[in-house]
Amino acid sequence: MDLLDKVTSLAKRRGYIFPGSDIYGGLANTWDYGPLGVLLKRNIEQSWWNFFVTSRPEIYGLDTSILMNPRVWESSGHTESFTDALIDCKKCRVRTRADHLIEDNVEDVKVEGQSMEQLAKIINENNLKCPNCGAFDWTEPREFNLLFESHVGIVPENQSKVYLRGETAQGMFVDFKQVLDSISPKLPFGLAQSGLVFRNEITKGRFVYRTLEFHLAEFEYYVEQRQWEKWFEYWKEKVNEWIESLGIDQENTRWRPHTKDELSHYSKRTEDLEYKFPFGFKEWCAVAYRTDFDLKNHMEKSGVDLRYTDPVTNEKFIPHVIEPTFGISRTLMVTLIDSYAEDGKRKILKLDPKIAPYKVAVFPLLRNKPELVEKAREIFDNLVKTGLSVTFDDRGNIGKRYLSQDEVGTPWCITVDFDTLKDDAVTIRDRDSTQQERVGVDKLTEWLASKLV
1 MDLLDKVTSL AKRRGYIFPG SDIYGGLANT WDYGPLGVLL KRNIEQSWWN FFVTSRPEIY
61 GLDTSILMNP RVWESSGHTE SFTDALIDCK KCRVRTRADH LIEDNVEDVK VEGQSMEQLA
121 KIINENNLKC PNCGAFDWTE PREFNLLFES HVGIVPENQS KVYLRGETAQ GMFVDFKQVL
181 DSISPKLPFG LAQSGLVFRN EITKGRFVYR TLEFHLAEFE YYVEQRQWEK WFEYWKEKVN
241 EWIESLGIDQ ENTRWRPHTK DELSHYSKRT EDLEYKFPFG FKEWCAVAYR TDFDLKNHME
301 KSGVDLRYTD PVTNEKFIPH VIEPTFGISR TLMVTLIDSY AEDGKRKILK LDPKIAPYKV
361 AVFPLLRNKP ELVEKAREIF DNLVKTGLSV TFDDRGNIGK RYLSQDEVGT PWCITVDFDT
421 LKDDAVTIRD RDSTQQERVG VDKLTEWLAS KLV
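Residue 450 in this note's numbering sits at position 450 of the sequence shown; the count goes up by one each step and never skips.
No lab work stands behind these hints, which were simulated from the structure alone.
Predicted, not measured: the structure shown is a model, and the values here were computed from it.
You can take every hint at face value.
Computed list of lysine-lysine pairs in DSBU-like fashion (alpha-carbon distance at most 30 Å, straight line):
1. K301 <-> K161
2. K451 <-> K345
3. K400 <-> K451
4. K296 <-> K238
5. K6 <-> K451
6. K91 <-> K129
7. K316 <-> K230
8. K301 <-> K177
9. K354 <-> K451
10. K260 <-> K276
11. K90 <-> K129
12. K186 <-> K268
13. K12 <-> K282
With these hints in hand, go ahead and build the complete structure from the sequences.
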């Protein structure tokens, strides 16, 4: 069993991530976050928000609508340029991305920026067969727009087509003027948000790496054009700092600049922070220089003045934008893979304590001793009141409980034993080292706080 299979199995078994609609046979490329997955996902999102928004007085949060006027996506270029090259097997009707088919089977072939005709030529010259049935009988590659379509209106003949957002960025461009009018920020400043986005794309079944809906966090940092390179490098450094704060091994990451041919229609420079997944180095986060493309196009198409006025010179101009983008769902996957370890019979998630779903587990040594259970419950309740995420476990023997908490990534386990009733102290076991120490109940909160700095 390879690493990805091990992590996927653990995630389902321990309540991190479940296949979507599982009792009905599922729906491809959809996943549900279980009790522990929700906690880890929220901790990651909160870490991102604290690092990039709360701690920076010049970055402001927004929460814009998933549904927007369709002219937004026309103006941004997404209805024309937000596409993948799809190809179908005529025999078994499996659908895949032409570039993925080539990347998986042909070495040292560049697929970025290739036309549909060029992709078809590469597939034919290399006799690339269907990965599902082995046939060599493909349709011609064709462009497929990734935006999900929907309709607004309850009367069919009056329905109006809309799109589910394919990125959160456009809401922050469309609200740019309202932010200027309401809080008068001074350049440089940023607008940030985190939420669900939707992309109707073909994926490879690599767990939650690429799904139909996923959680994206990004911000648009508005700057003067002459300063864009300075801020581009600055935010690359800050992305590295945030990654480090999650406890990710940076030996497994690298920056990769986009070639000219693969740049998005709005970008002049983009660099991906790639992570070494079990299936190779692939995109995790990105920093893009979107120039003034979005504001300029929305200003032209809407007729609304979206220029910024310099408070000193009164000069009016359209700011340029640096955009750091982070997949929260993908970050969760990275943390599970990066923290997974085995030590003999132990399977361990060595999650950084700051993002671990549970910070501590509380055990009574024996569940059939009411006095131990009562004391353990008292300690559990007091820790919960401090705001910590705590779990209570009295199932099976103490050894099995330790192994269970190791597997879900709980950093510390507190055991209430018979000595606790005499000296009011408990045994704390460390997840990674398995070492134990005795700590007074009245010192527990202080002890845990010192470890979570």
